[in-house]
Structure formats: C-alpha cells, structure tokens
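With chain A held as given, fit chain B onto it using these hints.
2 protein chains.
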Amino acid sequence: MAQAAGQSWVRLETRPDEYRHWKLAVDGAVATLTMDVTEDAGLSSDYRLKLNSYDLAVDIELADAVERIRFEHPEVHAVVVRSGKDRVFCAGANIFMLAGASHAHKVNFCKFTNETRLAIEDASAHSGLKFIAAVNGVCAGGGYELALACDEIYLVDDGTAAVSLPEAPLLGVLPGTGGLTRLVDKRRVRRDRADLFCTLVEGIRGRRAVEWGLVDKTWPTSRFAGAVEQRARELGAQSDRPASGPGILLGPLEGAVEGDGLRYASVSLAIDREKRVAHLTVRGPEGPQPAVVDEILAAGDRYWPLRAFRELDAALLHLRLNEPEVGTVVVRTEGDAAAVLATDSVLLAHRAHWLVREIVLHMKRTLKRMDLTARSLIALVEPGSCFAGSLFELALSADRCYMLDDPERPAAVALSGMNAGPLPMGNDLTRLQTRFLGRPELVDELLAEREPFDAPAALDAELVTSAPDALDWDDEVRLAIEARAAFSPDALTGLEANLRFAGPETLETKIFGRLSAWQNWIFQRPNAVGEKGALRAFGAVQGRPEFDWTRT
Amino acid sequence: MAQAAGQSWVRLETRPDEYRHWKLAVDGAVATLTMDVTEDAGLSSDYRLKLNSYDLAVDIELADAVERIRFEHPEVHAVVVRSGKDRVFCAGANIFMLAGASHAHKVNFCKFTNETRLAIEDASAHSGLKFIAAVNGVCAGGGYELALACDEIYLVDDGTAAVSLPEAPLLGVLPGTGGLTRLVDKRRVRRDRADLFCTLVEGIRGRRAVEWGLVDKTWPTSRFAGAVEQRARELGAQSDRPASGPGILLGPLEGAVEGDGLRYASVSLAIDREKRVAHLTVRGPEGPQPAVVDEILAAGDRYWPLRAFRELDAALLHLRLNEPEVGTVVVRTEGDAAAVLATDSVLLAHRAHWLVREIVLHMKRTLKRMDLTARSLIALVEPGSCFAGSLFELALSADRCYMLDDPERPAAVALSGMNAGPLPMGNDLTRLQTRFLGRPELVDELLAEREPFDAPAALDAELVTSAPDALDWDDEVRLAIEARAAFSPDALTGLEANLRFAGPETLETKIFGRLSAWQNWIFQRPNAVGEKGALRAFGAVQGRPEFDWTRT
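Going down the list, the sequences are from chains A and B. Here the numbering used here is used: the first residue of the first sequence is 115, the next is one more, and so on. Here the numbering used here is used: the first residue of the second sequence is 115, the next is one more, and so on.
If you're looking for bench data, these hints aren't it; they were derived computationally from the structure. Treat the numbers as computed from the prediction; the structure is a model and nothing was measured. Be aware that one or more of the hints could be misleading.
[Stated by the list, open to error] Anything over 10 Å on all C-beta distances counts as not near chain B; from chain A, calculated:
#: 1; residue: ARG125
#: 2; residue: GLU235
#: 3; residue: ARG322
#: 4; residue: ALA339
#: 5; residue: ASP408
#: 6; residue: ALA452
#: 7; residue: TRP468
#: 8; residue: PRO582
#: 9; residue: ASP586
[To be verified] Using C-beta positions, here's what the derived DEER-type ranges look like:
#: 10; chain 1: A; residue 1: GLU388; chain 2: B; residue 2: GLU316; range: 23 to 29 Å
#: 11; chain 1: B; residue 1: GLU559; chain 2: A; residue 2: GLY142; range: 41 to 47 Å
#: 12; chain 1: A; residue 1: ARG322; chain 2: B; residue 2: LEU561; range: 23 to 29 Å
#: 13; chain 1: A; residue 1: ALA575; chain 2: B; residue 2: SER158; range: 48 to 54 Å
Note that beta-carbon positions come from the ideal geometry of N, C-alpha and C, so glycine has one too.
With the rest of the complex left out, here is chain A:
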C-alpha cells in the first residue's frame, strides 16, 4: 500500500527483500525461516529488540513470509523456523514495548500475533505445509508460543537450552499468544504439569521437556541441524503440494491513500471521522474472468478473489491498527452478482489445484479476521450490490444486515457452494450453520435454492436482519449507525465477541474468546500495568512489583 509521507500509520505491507528481522531461504522442498531480529528496527525507538524479542514489526514480516511460502513457493513442503542468534531462539514479545504500549495497541498486537500463529497451523492442516521449530537456546514466552504453533518442536540438548512460559511469574501477565490453550489443548500437556511449567521462570529443558510433551525430541548440538533438516525432509515428503514451482508472485497492493481512507483496485475504505464510521466497499469481478487453472495461474495476484481478499485483509488490519476510534464499519458491495457466483463456481471446480486451494484458504482467513475485528459491522444490501456466494459471507459476518426493499430498484442476495463449507468460521461451522444453530435442515434448504433472493424473500428466509422499504430505509439505517456510535466501545467489543461465536468452541475460538479475554482483563489491572505493576517493574530501577493481593 502506498503510504502518505509523514503519516504515522503502521505499515502493513512488506516483502522479503525489505525484511529486517527474518530471512526466508528456500532449498527445494524445505524452506528455512530464520529469525534474526534487528534490535533497533522495531516500530518505535523507545525500546530495543534484544535477544530476538519481537514487536508488531517483526510479526508483520513473519505473517508475510508464511503467505509468500504458500503462494510463491508451492514446491516448499516443510518449513524450519530457526534463529540466527547464538543460543537464543526467541525471548518472546518485547517487554518494554508491552510496558509502554497503550491498552488498545497491546490488545491488537496480541490479536495479530495470534492470527499469525493460527495461519501457520492453517497451512499445516490444509495446505500440506509442515512446520518445525528448531530451538537452539532461550525459548521464552512468545518464543515458545511461536514454537507451539509449529507441528513439531525440537530442542537442542546442551545442558542449558530450555523452553519456558515465564509471563505469570515474571511479568504478571499470561502467555496470551495462544500459549496456555496450545499447552493443554494442542499438545495436551497435563494440566498440573502445565501449571508447574508456567510458574517456572527458568523453564524446562532436556529429557523432562520431552517427557512432559513440551517438545518432541532433543538432540545434542553436534547433531541438531542435521537431524532437524532430515526430519523436515521426512515431513515434507508427505505433502500433497506440487513437486516444483513456480508459484505466483504476491505483488504490492495496487492502490493509494485517498483522503482519510484507502482505495485499492477492488476494495475501498472511506472514513467518516466525525461519526467514527468507516465505509468499506468490496467491488465484484469485472470483465472476463479466468475459467480454468492456467488462466488463474496467468492472472496470479490480479485474479479477483485473491486481489479482493488481500485488499480486504489489508483494510481490516489498517482499521484495527491505524483507526482505533472508528467504531462501526458499514459494509457494502458493488458489482455483478452473477460474476461473483461464476467465480465461486470456478474456485469450487478447481479446489484440488494448489493455487485455488490457497486462494480459498486465504479468503477463509480474511473472513476470520473480519469476525475477530472488534468493530461493529453493519452490512447494507442496496441496488447494484453483489452480496452473492463468497461475498455474502461479508453480510453473514456482519452483526446486522439491512436490505432495501424497493420494487423499483430491486436488490438481491444469493448463495453458492462457497457458503456451504469452504469458508468456515473459527468455530469450524459455516456462518450459515452458526446463524441457524440447531436448524441444519434450514441451512440445507437455503443452500439448495440457487435463485437469488429479493428483499421479501431474503427476510422470509432469515438471511437479513431487516428489509425497510424506500420510505424507511434512510432513517432506519441512519438510526442504527448513529445509535451504535453512542454506545460504550468496550461493551460493544464484549457483546460482539460473545454473540458472534455461538456454538462449539475450538482451539482457535478458545484462544480469542477465553485466553485473550483474560489477558485483556489482566492488561488493564494495576497489578500488571499500574505504577508498581509487574510489567512496569520488570527491568526498572525500582525492582520488584507491589501487588494488591485481592483475588478475583
């Protein structure tokens, strides 16, 4: 994204030749991601990123690298995550950054790092990419949480290298980047061992780390690199990704800052700062679209679903990180619904192809990012919109959806196979299944309907919240948006975080719904962030924190 000079926006786009903290090297089927953080190249000069500690700038590069491996290097089947520093894997999130950050930044930083870890697990579960953490030394806090996101963790056995989650004893906060959930739910570490582990500042090393399931194996230093490499080749051999490239290049997003907002090729974001409302518009495909895989490969990052959802992803992150006071996002679409449905058909027909699979998975992750965006989402279905199939997921993701009922200027919504499974929420249900929890027969009926729904039909089918006529439309929509903007932003965040995730919980929803919520709570508590709280006391002259001992 082109950045206006002088703006203090967090820059979200990057590429390997601009990385300051990671190196991506590809050697046949195995890629190596080397973390080698440049101390003075964090987002702020207020802290130094010592010992491979990280801030958002470091994690933006990691997220980018994982995306590029998926799209640009289909020949890669396994990824080794290692450190470029001697005897240090990663010391976790930078504590001085956390101690100095605003509450909103801390929360959004954690959310993004959580999403990045889940993107690694998504690649493992669905893309045929396996990840190995090669832990050569200090592996603390967020460093170990990064390792936990990998499929396998190997620890050098040198008598000192250890994994640890010292947040609670050292900093008075949680291992909140999924650490606690992954310990007991992914690696199924026994809860009493997990409790002991999470209170040991020095962590656990060697054989005990293996016995407790904290790592998969240890090797002595002399054999470590070779054994990891061999294991990566073994894991990679099971992949169903192509034997060779090329992939497609993820070029810079085409677009520019426009006024207070953004205008990309298929996505626009306009900010009404006075009302604290963002108008997000996604435009459907225009002109001839690829129908077969070769055409999709040729279109590359200009293929509409990839381009539009990459732009949508960027817009959502921009909102989160750079527009903290925008409380409501009004979601619109523009374009030809038939063209969206035709594209859906092509994606569904060719899902077995690696690139189409990656595109659909990327769409899925972007929609999950939307579900987790702590802003009120109001979708407006108007004439000329194209809330069809995959784009109807935007309406389903919204907290409410208003559809204009005007026989003179009819609007329509439509479903496709993309609403039936390929784009599940974090709870592993589709948005339709979540909407109609306990009414699976209704979901099937709706999916069987291949004709578009006009406003009365959509309301009758319970696909939209309200369908005002032309006379009421302006008032009803305006009132909904204005009323929303007057409510406590915190109450809305909590409300939405609960209502959006009906039904089962998964490791993913547990991380965002349970672990993050407790971490957010702790991030507000004087025992963590107060003058004498543990986060502030760490490394400070005054030394030990002072706690209010009240247990809640």
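Okay, now just chain B, sitting in the frame of chain A:
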C-alpha cells in the same frame, strides 16, 4: 454457620422463614417462588433494591430456595418463578450496588449469580424439576437472565411488558450473568436479532418476542396466571420425582467460627493470614454409615456425603466472599479411605433414588464451584489422608497434587466409580478425562484398577504431580506454596481459568470462560467504572457518560 458477632462477613446460610426477598410456596407438584425484594434489606444500606432489583443477599436466598425444593420437597415437579410486584418481574442486578462495589465483589457477585442460574438448569436437566418464568412486566437485564435460566418463559401481553438486556446501551457493561451465551447458545436466537435486542433499551414485547425466540408465549393478563399454572402442571406431569414427600430437612450447618477460620463437622478451614494461605481439610465418614436408602433417608442432612459437601460448599463461598486476600488453598483429607469408597459404592448402587440422585448432583455442583474458585489449589496427599473415589476429585480439581513417598508412613490414593462419570466438570468431561485429554484408554485402565495406589504407583499412573520423599517433602511443599503466594494474583486467576478447562466448551464453560472474562475486562475499563463511566453516570446528577472511543 454461626457468625461471630460484629464480623462483616457476608452471611451465606439462610432458610425460608428468614427470607426477606423471596417466598417459597408449595402446592402439590408445583412450587411458586415469588420474588418480592425488600428495598432496604440488601447487603448494604448504600443502595435501595427498587423494582425487584437484586444484590447478593437476594441471590443467596434464591440459591437456598432451589436447594430446598430439591431436597425438602421431592413432591415438587415444577417451579414457577414469579414476581410479587405489580407490573415488574425483576429489574436486574442493582446498578447502584454495581457502581459502588469493588472489582472483586462485582466479579464474585456475578460468579455466584451465574452458579445459581446454572443450578436451576442442572435441576431441570438432571433432577426432573422444570422451571417456568412468569414474566408480568419489566424484565430487564439480570431479570431476563434469570428468566433465561428457566425452561420456559411466558410474558404477559398487556401492551407494555417487555424483556430486555439493556446493559450495553444503558450501563456500558454486558449482560454477564449468562445472558449473551444463553441467548445464542441455549435459546438459539439468531445472532443479528440478539445484537439488535441487546442494544434496545426498551426491549421487545408481545408477538415479536415470541417470533424471535426471546420468550415462549404470551397471554393476556386475564388468562396469564391460569395458563402458567396449567403449563406448570403439564410440565410437572413428566417428572420422575416422587409423587409425594417427605423430603429431608436441610438443617443449619453444624460448626462454628474457629479463630480466623471455620470448623464444621467434616470440613475445616484454617487461615494463615500472613502467608495468605487457607488450609482446607475434608474429613471422611466416621462410624457406621447407611447402606440402604431407608438409612440414608433417616440420616438426612447428617449423611456424610451431603454434610461434607454442603460444608465444603460453604467453605468455598466463604473463601471467595470473605477472604479475598487468601491466594492459595492447601487441600487435605483425613480419615479412612475404605469408608469413603464404601460410601461411594452405596451412592452408586442407589443412584436411581431421588435423594441419592440429589446428593450426587450436589457433590457435582460443589466440585464445579471448586473448579471455578479463583484461588490456587494445592492438594497434599499425606499419611492418614483419604483421597479416594469422590474425595480424589478434590485432588483432581487442584492445580497441583503432591503426595508423600515415605515407605515408613505410606499414603495412598484410590479411584472408584465416582471418578468415572457422576461428577463431571463444567466441560461435561470427568476430571480424569480432562486430565488425560486424548488418552481415553489410560482413563479406562486407571478406572479398572480397584487397588489403592501408593506414591510410586500414583506418580507412575500420572495421578499426582510430584511424590517427594520424606527428606524433600517439607521443602518442596513449602517452596511450592511460598512461590505461588508471590505471583500476581490476577495472572494466577487467568492462568488457572485457562489451564483448568482443557477440552470441549459448553454453555457453562462459555459463560465462565468467555462471557465472564469479557465482563471482568469491562468491569475494569474507565468507560464503565471511571469517574465518567457509564456505570457511575447512571442515575447520577451529571447524566450522560463520557467515553474514550478507542476500540480494542
């Protein structure tokens, strides 16, 4: 419980003839619980409980009444929850109480009310008791959350009576007593309707409330009482509870304040205030115990499992509400393990009898209360202890369990059928299943072993965390307790809330893990509790709240 004069402890025991806020009337198979709150009889004189609003004092009576219906009135098959006030069902938790309460009190108040609502649902699911909310007027916030806990909700159709969850728009907090979770997960209200409903201060009435699934039916005022009564009789007719009484009387707990703590017949609580540690001891059954149902009925509330778990429940609530600075609970048992196992056998053999069923369900609820107690729990298995069967659940509930390995003075633990299903956690798994998540075969193997485990065997079977020998015991246990006491109490609360609940989530765990965590967060936020926050602004002279609009 006998209260020392002059102590400001919250009094947890009550009985119907002492109620100030509820009336319990039994008419054959239908009991009526009438809420008629005495305005000036709350826990504090700082607020008045207008419009059937409630504080902890009101909810302690409700919790007591539900227990008494279960044990004292087995002939009751359905319960109508109604109001004694004209055109007001219940206005919810008292806002002035919330605005003035400490954070710890707010959190513990919400936890207790959530547990009370879940106890109602537990009676419905497992005890053959159905609950009807007869909503005659204003039913707002916690009032509607109480109704949501009932099986069916009936609303008078008088043109004004409405149900509402106005917390977010009015007070800047959440409907945190299970409201949000029950809306979408229990009643399966569509999420966009739930969103709309939760932002409408005036709520929803009449036909729309029925259409949206917010209530089950409406009746005009003239027919309301009769229709509710008839429906209660219908529901009650399906119950498997006895056709007639008598039940058993739940007498006052026998015991007294002892020093800083409590000493009941089977449970003691000693407070080490300097170390902020409570020593909780549960004594096993002594002397001859009932072997058949008639003997259990004759023993009544003196029957060991009922007495011991009622006392344990009281001790846990006392800790939560009256000992906020005690951070660690050291859990011990004393007595004859064989006697505990024999009692378990009797309970299992007679589970089909209504009273035995109630006793086992009460044990289950008490252990859930333990799982949800935000204190570090460390179980010590020493010589003379009786961590066997149902009492071994205490060890499984603990964050860690230390067992002395001393061949001279052997200690033992043992399992019984009570570890195999009757006492599940909130996640619907047993504590053994949760401990060995993903290793069901190990659970089966352990349950097949009917011999006690000595320390090496228990360690080998992974039933305890650590088994130090006599030489190390004192130091290891002391260090574990002392280290714990030095950590941030908030970090520990968050850590335990995550590690204790591996595996699936249920409505119950979602309420405590997701909804409560978000509510706790909001209860710390200046937008709610700051000088100009919504909770403080409500009803105050200054009027409207002022928000920091940053979304997180």
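So, going through the hints one by one against the coordinates:
1. ARG125: Non-interface label on A/ARG125 holds, nearest chain B Cβ at 21 Å vs cutoff 10 Å.
2. GLU235: Non-interface label on A/GLU235 holds, nearest chain B Cβ at 17 Å vs cutoff 10 Å.
3. ARG322: Holds, since 12 Å exceeds 10 Å.
4. ALA339: Given a closest Cβ separation of 31 Å, the condition holds.
5. ASP408: Non-interface label on A/ASP408 holds, nearest chain B Cβ at 41 Å vs cutoff 10 Å.
6. ALA452: holds (26 Å)
7. TRP468: Given a closest Cβ separation of 31 Å, the condition holds.
8. PRO582: Non-interface label stands for A/PRO582: nearest chain B Cβ at 13 Å, farther than 10 Å.
9. ASP586: holds (15 Å)
10. A/GLU388 <-> B/GLU316: 23 to 29 Å: holds (28 Å)
11. B/GLU559 <-> A/GLY142: 41 to 47 Å: holds (45 Å)
12. A/ARG322 <-> B/LEU561: 23 to 29 Å: At 28 Å between Cβs, range holds.
13. A/ALA575 <-> B/SER158: 48 to 54 Å: holds (51 Å)
Checked against the numbered hints given earlier, the structure satisfies every one of them.
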